[in-house]
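Residue numbers (my numbering), protein chains in the order written: chain A, 1 to 253; chain H, 1001 to 1253.
Just so you know, these hints were derived from the structure itself, not from any lab. It cannot be assumed that every hint is accurate.
To be verified - 30 Å max Cα-Cα, derived DSSO-like pairs, lysine-lysine:
1. H:K1175 - A:K212
2. A:K194 - A:K154
3. A:K212 - H:K1007
4. A:K202 - H:K1194
5. H:K1194 - H:K1154
6. H:K1007 - A:K7
7. H:K1243 - H:K1220
8. H:K1220 - A:K202
9. A:K154 - H:K1152
10. A:K135 - A:K220
11. H:K1135 - H:K1175
12. A:K154 - A:K243
13. A:K152 - A:K194
14. H:K1135 - H:K1194
15. H:K1007 - A:K154
16. H:K1243 - H:K1202
17. H:K1065 - A:K194
18. A:K154 - H:K1202
19. A:K175 - H:K1154
20. A:K7 - A:K220
21. H:K1154 - A:K135
22. A:K202 - H:K1154
23. H:K1065 - H:K1212
24. H:K1202 - H:K1220
25. A:K152 - H:K1007
26. H:K1154 - A:K152
27. A:K194 - A:K212
28. A:K194 - H:K1202
29. H:K1065 - A:K202
Stated by the list, open to error - Covered by chain H, per the in silico footprint, the following chain A stretches (three or more residues, Cβ under 8 Å):
30. 103 to 111
31. 187 to 195
32. 200 to 206
This one's a predicted model, so the numbers in the text were calculated from it and none came from an experiment. The beta-carbon is built from N, C-alpha and C at its ideal position, and this holds for glycine as well.
Number of protein chains: 2
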Amino acid sequence: MILGPNKPFVEVCVSPDKYHLYREYNRIVVVIDVLRATSAICTAFDYGVERIIPVSAIEDALDYKSKGYIVAAERNGEVVAGFDRGNSPFGFMDEELAGQTVVLTTTNGTKTINIARDAGRIVIGSLLNLDVLCKWLIEQEENVLLLCSGWKDKENLEDTICAGAIAEQLLDSMKFQSIEDSTIMAKYLYLSAKENYLGFLKASSHRRRLQKLNMNADIKYCLTPNQSESIAIMEGDALVKLKVPQAKVKVKG
Amino acid sequence: MILGPNKPFVEVCVSPDKYHLYREYNRIVVVIDVLRATSAICTAFDYGVERIIPVSAIEDALDYKSKGYIVAAERNGEVVAGFDRGNSPFGFMDEELAGQTVVLTTTNGTKTINIARDAGRIVIGSLLNLDVLCKWLIEQEENVLLLCSGWKDKENLEDTICAGAIAEQLLDSMKFQSIEDSTIMAKYLYLSAKENYLGFLKASSHRRRLQKLNMNADIKYCLTPNQSESIAIMEGDALVKLKVPQAKVKVKG
């Protein structure tokens, strides 16, 4: 690793409760919740959703619902009673959602988005949009913090592996540097796992939790890289699809 | 991994601020601060120190000093002004310390010991006492939490690798099970690093920090496994050397 004064940093924060320790890298924050919030968000934009409003509390979600919004709500892996959708990506593979605004609340992912509200820019990362996201991040030439949602403030394997995969691509471009031990850890975890995500994650606590809920199709989909071309970015209170992922877009946050 | 109702758990907590999330495993807490507090503690007991009183605050250390105690104090890698020793293991290779009580305060390690005060038992882990500690832990047949000190609430490589090494030995014995993602992460990090700790840690932020302070000899010593036969255990307010590491000792905490 060559440390140079002119290269931006790419660093990994393994759980949202540690975000304050890594704020110096927050020009761009990539929020990662592989199983399943950020995978679902990428999928929703692939299917033409116009805006996604992430909210932390069920109460806020209910409030939006009473105003007529389409609202998706998940807690502990399940659709919350009274809502039509949770955070399964398959729930967003619905052409009726094209052009619509969706309100989303999940156990970890949407909370993490809201924790990072002071970031320069917030974008959504998953294995689904891995390559298109990395290409865009490399073009920005700004500090990048890869913020894992984890599971109730614990680290989890799938988010850390995804962060490691993004860090590896950015460092491989030779246009970024890294200094934090958490980044080295995520990178090595990704390198250990990359030949066989599913096999590696067999032992994961969150995967076991979802398996109990019969979500093997979701897990397989979310762990298969590069099925999405969508990069979602926060604009005000909502996520929108970045219109020109190939071009260099600079929005000062 | 076979989950069974009768096997105790061995789990890893990668930084002390997350201890509360892993309290269910705290029948035995192994506090790890490889560079350098827990390595220094093992060394001190090898050289015959009788008791080590870990204190969190410099003020408390000064108080003990005014009462005539031998006091070692480190902050940010350096000996605190007014004290004779920091946390270099070489500072404890001193036969004049035999039979003495030493008060110790360090940036991370002694704070971590004090955070875990509600544990059933607290013992001290490092690479120096790796095999003797694992042998003893396996004999206890109780839940074990490997608590990394990290660096100011961030994870660090050397403590996580050490925790991974201990977890690997305990899981290999087939007498323990593990369920947390943090444990899988530490184990894979250890497996990536085990052929060459020094090379692997080249990029570590804390190692760089210590290198600036010319502590290469300390680093090399602390990263060389199995140089110590000492297991230190908390009894009341002080660490003492476990007298019979081969025998089964059960102390209810």
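Status of each hint after checking the structure:
1. H:K1175 - A:K212: Holds. H:K1175 to A:K212 sits at ~26 Å (cutoff 30 Å).
2. A:K194 - A:K154: holds (22 Å)
3. A:K212 - H:K1007: holds (22 Å)
4. A:K202 - H:K1194: Since the Cα atoms of A:K202 and H:K1194 sit roughly 23 Å apart, the hinted pair holds (cutoff 30 Å).
5. H:K1194 - H:K1154: At roughly 22 Å apart (the allowed maximum being 30 Å), H:K1154 and H:K1194 satisfy the hint.
6. H:K1007 - A:K7: Judged against 30 Å, a Cα distance of about 49 Å means the pair is violated.
7. H:K1243 - H:K1220: holds (28 Å)
8. H:K1220 - A:K202: violated (36 Å)
9. A:K154 - H:K1152: holds (17 Å)
10. A:K135 - A:K220: holds (24 Å)
11. H:K1135 - H:K1175: holds (12 Å)
12. A:K154 - A:K243: violated (34 Å)
13. A:K152 - A:K194: Within the cut-off at roughly 25 Å; holds.
14. H:K1135 - H:K1194: Judged against 30 Å, a Cα distance of about 19 Å means the pair holds.
15. H:K1007 - A:K154: holds (23 Å)
16. H:K1243 - H:K1202: violated (37 Å)
17. H:K1065 - A:K194: violated (53 Å)
18. A:K154 - H:K1202: holds (27 Å)
19. A:K175 - H:K1154: holds (25 Å)
20. A:K7 - A:K220: violated (36 Å)
21. H:K1154 - A:K135: OK: H:K1154 and A:K135 at ~29 Å, within 30 Å.
22. A:K202 - H:K1154: holds (27 Å)
23. H:K1065 - H:K1212: holds (29 Å)
24. H:K1202 - H:K1220: Given that 30 Å is the threshold and the Cα spacing comes to 12 Å, the pair holds.
25. A:K152 - H:K1007: holds (25 Å)
26. H:K1154 - A:K152: At roughly 17 Å apart (the allowed maximum being 30 Å), A:K152 and H:K1154 satisfy the hint.
27. A:K194 - A:K212: OK: A:K194 and A:K212 at ~25 Å, within 30 Å.
28. A:K194 - H:K1202: Judged against 30 Å, a Cα distance of about 23 Å means the pair holds.
29. H:K1065 - A:K202: With Cα atoms ~53 Å apart, H:K1065 and A:K202 exceed 30 Å; violated.
30. 103 to 111: n = 0 at 8 Å, threshold three: violated.
31. 187 to 195: holds (count 5)
32. 200 to 206: holds (count 4)
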